[in-house]
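*Asks:* Throw the hints in and build the complete structure from the sequences for me.
Read off the chains here:
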Amino acid sequence: MPLYGTFDITQSPARLPTLPNLDTEAWALPKAEMMQLLMEVPRSSTEGLLPKAMHPALPSYVALAVTRYADSPVGPFNLAMLRLGSRAGAHPRGFLLGAVASTDAAALELRARWGIPVQAGEVKFLRRHDRVTGSVRLEGQTILDCALVDPQPVAGSDVQYINWVTAANAPLDGTTQPMLIQIDPKYTFHKAERGKPQVNAFDAAAWNAPTIELSDPIVGTCCTVDTDLPRIRFVMDPLKPVFQGTRRIRESRADE
Amino acid sequence: MKFGLFYEISIPRPWTPEKERTVYNNCLEQVKLADTLGFEHVWAVEHHFLEEYSHCSAPELFLTACAVLTTNIKVGHGIVVCVPEFNHPIKIAEKTATLDILSGGRLHVGTGRSATWTELGGFRANPDTTKKSWDEFVRCLPKMWMQETFAYQGEFWSMPERTILPKPYQKPHPPMWVAVTSPGTEIDAADRGLGSLGLSFAGFDEQEKKIKEYRRRIRHCEPVGAFVNEQVATTNFLFCHEDEKTGVEMGKKLGNTFNYLATQLISTREVFSSPSYQSLGLLPALRRAATGPDASEQQTEGMAYGDPARIIRAIRKWESLGVDCVNFILNANEVVPQDQVMASLRLFAKEVMPHFAQKPQTAAAAAAE
Numbered sequence: 001m002p003l004y005g006t007f008d009i010t011q012s013p014a015r016l017p018t019l020p021n022l023d024t025e026a027w028a029l030p031k032a033e034m035m036q037l038l039m040e041v042p043r044s045s046t047e048g049l050l051p052k053a054m055h056p057a058l059p060s061y062v063a064l065a066v067t068r069y070a071d072s073p074v075g076p077f078n079l080a081m082l083r084l085g086s087r088a089g090a091h092p093r094g095f096l097l098g099a100v101a102s103t104d105a106a107a108l109e110l111r112a113r114w115g116i117p118v119q120a121g122e123v124k125f126l127r128r129h130d131r132v133t134g135s136v137r138l139e140g141q142t143i144l145d146c147a148l149v150d151p152q153p154v155a156g157s158d159v160q161y162i163n164w165v166t167a168a169n170a171p172l173d174g175t176t177q178p179m180l181i182q183i184d185p186k187y188t189f190h191k192a193e194r195g196k197p198q199v200n201a202f203d204a205a206a207w208n209a210p211t212i213e214l215s216d217p218i219v220g221t222c223c224t225v226d227t228d229l230p231r232i233r234f235v236m237d238p239l240k241p242v243f244q245g246t247r248r249i250r251e252s253r254a255d256e
Numbered sequence: 001m002k003f004g005l006f007y008e009i010s011i012p013r014p015w016t017p018e019k020e021r022t023v024y025n026n027c028l029e030q031v032k033l034a035d036t037l038g039f040e041h042v043w044a045v046e047h048h049f050l051e052e053y054s055h056c057s058a059p060e061l062f063l064t065a066c067a068v069l070t071t072n073i074k075v076g077h078g079i080v081v082c083v084p085e086f087n088h089p090i091k092i093a094e095k096t097a098t099l100d101i102l103s104g105g106r107l108h109v110g111t112g113r114s115a116t117w118t119e120l121g122g123f124r125a126n127p128d129t130t131k132k133s134w135d136e137f138v139r140c141l142p143k144m145w146m147q148e149t150f151a152y153q154g155e156f157w158s159m160p161e162r163t164i165l166p167k168p169y170q171k172p173h174p175p176m177w178v179a180v181t182s183p184g185t186e187i188d189a190a191d192r193g194l195g196s197l198g199l200s201f202a203g204f205d206e207q208e209k210k211i212k213e214y215r216r217r218i219r220h221c222e223p224v225g226a227f228v229n230e231q232v233a234t235t236n237f238l239f240c241h242e243d244e245k246t247g248v249e250m251g252k253k254l255g256n257t258f259n260y261l262a263t264q265l266i267s268t269r270e271v272f273s274s275p276s277y278q279s280l281g282l283l284p285a286l287r288r289a290a291t292g293p294d295a296s297e298q299q300t301e302g303m304a305y306g307d308p309a310r311i312i313r314a315i316r317k318w319e320s321l322g323v324d325c326v327n328f329i330l331n332a333n334e335v336v337p338q339d340q341v342m343a344s345l346r347l348f349a350k351e352v353m354p355h356f357a358q359k360p361q362t363a364a365a366a367a368a369e
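Just so you know, the sequences run in chain order A and B.
Following the numbering used here, the numbering of the first sequence begins with 1 at its first residue and continues without gaps.
Following the numbering used here, the numbering of the second sequence begins with 1 at its first residue and continues without gaps.
These aren't lab readings, by the way, just hints derived from the structure by calculation.
A few of these clues could be false.
Calculated lysine to any residue pairs in the SDA-like style (CA-CA distance at most 20 Å, straight line) [what the hints assert, rightly or not]: (1) 31(A) - 138(A); (2) 19(B) - 3(A); (3) 196(A) - 276(B); (4) 132(B) - 274(B); (5) 131(B) - 158(A); (6) 196(A) - 274(B); (7) 196(A) - 253(B); (8) 196(A) - 275(B); (9) 196(A) - 125(B); (10) 186(A) - 278(B); (11) 253(B) - 243(A); (12) 191(A) - 275(B).
The model shown is predicted, which means the values in this text are computed figures rather than measured ones.
*Replies:* Following this line, the structure appears as structure tokens:
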């Protein structure tokens, strides 16, 4: 059967975000501009990063995403993320390895509401005609400098965004415990472009993924979308295969 | 109604030389038996890098072995990838012609373009252009087989005038097919006069729509070859057992395992945004069916497992929709022991095939005794 991850998140709960409950309301995030660069990475460099419950994507790949959220309940903010391509049972997912938000308020809320492993830093998103660039600085150090080069229009229907999974502590059945949480935003596309990914600087350790090495670029996209961060619907046992350890805690998203 | 075998050649970890050889030998043993039982086709995929799911990267070699070991069963590329980074068209024409000769004119040539990033990225092929290169290849192949000399200048490949040798044993040339997974490919098949080699496990309603559209359009087609190959084949799982419950349980295990392995593949659309890959192909249906390798939920309708009576009912339904041929996947990750695969084939030939038989199946039933 397919390979499994080897990361036991229950061994280091203090490293994980902690949610006071699993009942956050949804956030509407209109007119977000999302740049996503997909890069293959050597399989050996992902060793120990994926929870035991999940399957690695083969070949291994990561998504570097820099997004400008024009509006949110905590005001405008930028968010950069590193996600590892994977499978939750039969479903493609991006496991969140690290994230940086451009405001303290956004970082605080994203950690506490959805368990996103985010810290506050400087996140820049710039759209130009010849490229879209993203850069991230933490404590004065550049940890990401990347671009989507030569963006060309494509249809929104050409683009597929994969749902996310994050590891966090949250209360369930009376105990706060490590678990995997699915985050499944929706997207309504207003504009979509595709181009070549370019990464000029990437500090893997700063993204909680010290072994990751970027290798072959796959493709980059930059899309303007109405999106959201929905209510949490599914949580997963971090040690059981997802097809055995998934629990639905809410029947549907609030808008379904 | 005709019946065939369909091989992905799925091999479970840990991979050892003996295990790879055993699985290949199991497949060949099944094909030899199927030949005596009256099965019409053996198809083999071309896949690369698809761990556990398919270790069938050199189907022409496997099919050559099949041809040499059998006398009647037709051997089919299901499919050969028509993307220049994978296969040069001259080599495709040469190798298929050779296989047709070695098999005594039993070759069918399925064509396609690959659906996974794992494969396209592995060969550094451009997903945007695979439909175009497929079209160019299928237009050229019949000419390369039939014309004494051939020269070509196209977008994806070219050659000065040469004599491509050998020529196929079948005249004017082997029947041609295209793999149909993405919606709309059945139209591509019909418009070019190609057989529709269905590789998805879609339910009755969806298949019926596709078949109707295929039959309607192929009447007015401009065939790429010297003749129209109007045939609709579909893929199914087979496990036939005297006891319905045992048959269904093992059949589900086979289906669940196959589906779960398939859902691990990285579809092109998952990572490479391209107008050429707007559909996820067969993956959405498989993901709905594959909640896990031990899933107990009802699978897609029309699966050919259970006792003979149940399987007959399923195939009757496919027949009523206009399917000409059902190709069976017999195993995935070797979850069905080889002796049970062989017993299932024998029972199917004895109890099921006669219900769909013209002349050949009478002999098949006798051979199964």
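*Asks:* Take the hints in turn and mark each one as holding or not.
*Replies:* Verification of the supplied hints:
no., hint, in the structure
1, 31(A) - 138(A), "26 Å, violated"
2, 19(B) - 3(A), "18 Å, holds"
3, 196(A) - 276(B), "17 Å, holds"
4, 132(B) - 274(B), "13 Å, holds"
5, 131(B) - 158(A), "15 Å, holds"
6, 196(A) - 274(B), "13 Å, holds"
7, 196(A) - 253(B), "42 Å, violated"
8, 196(A) - 275(B), "16 Å, holds"
9, 196(A) - 125(B), "15 Å, holds"
10, 186(A) - 278(B), "18 Å, holds"
11, 253(B) - 243(A), "15 Å, holds"
12, 191(A) - 275(B), "15 Å, holds"
Going down the numbered hints, you'll see the structure goes against 1 and 7, while the others check out.
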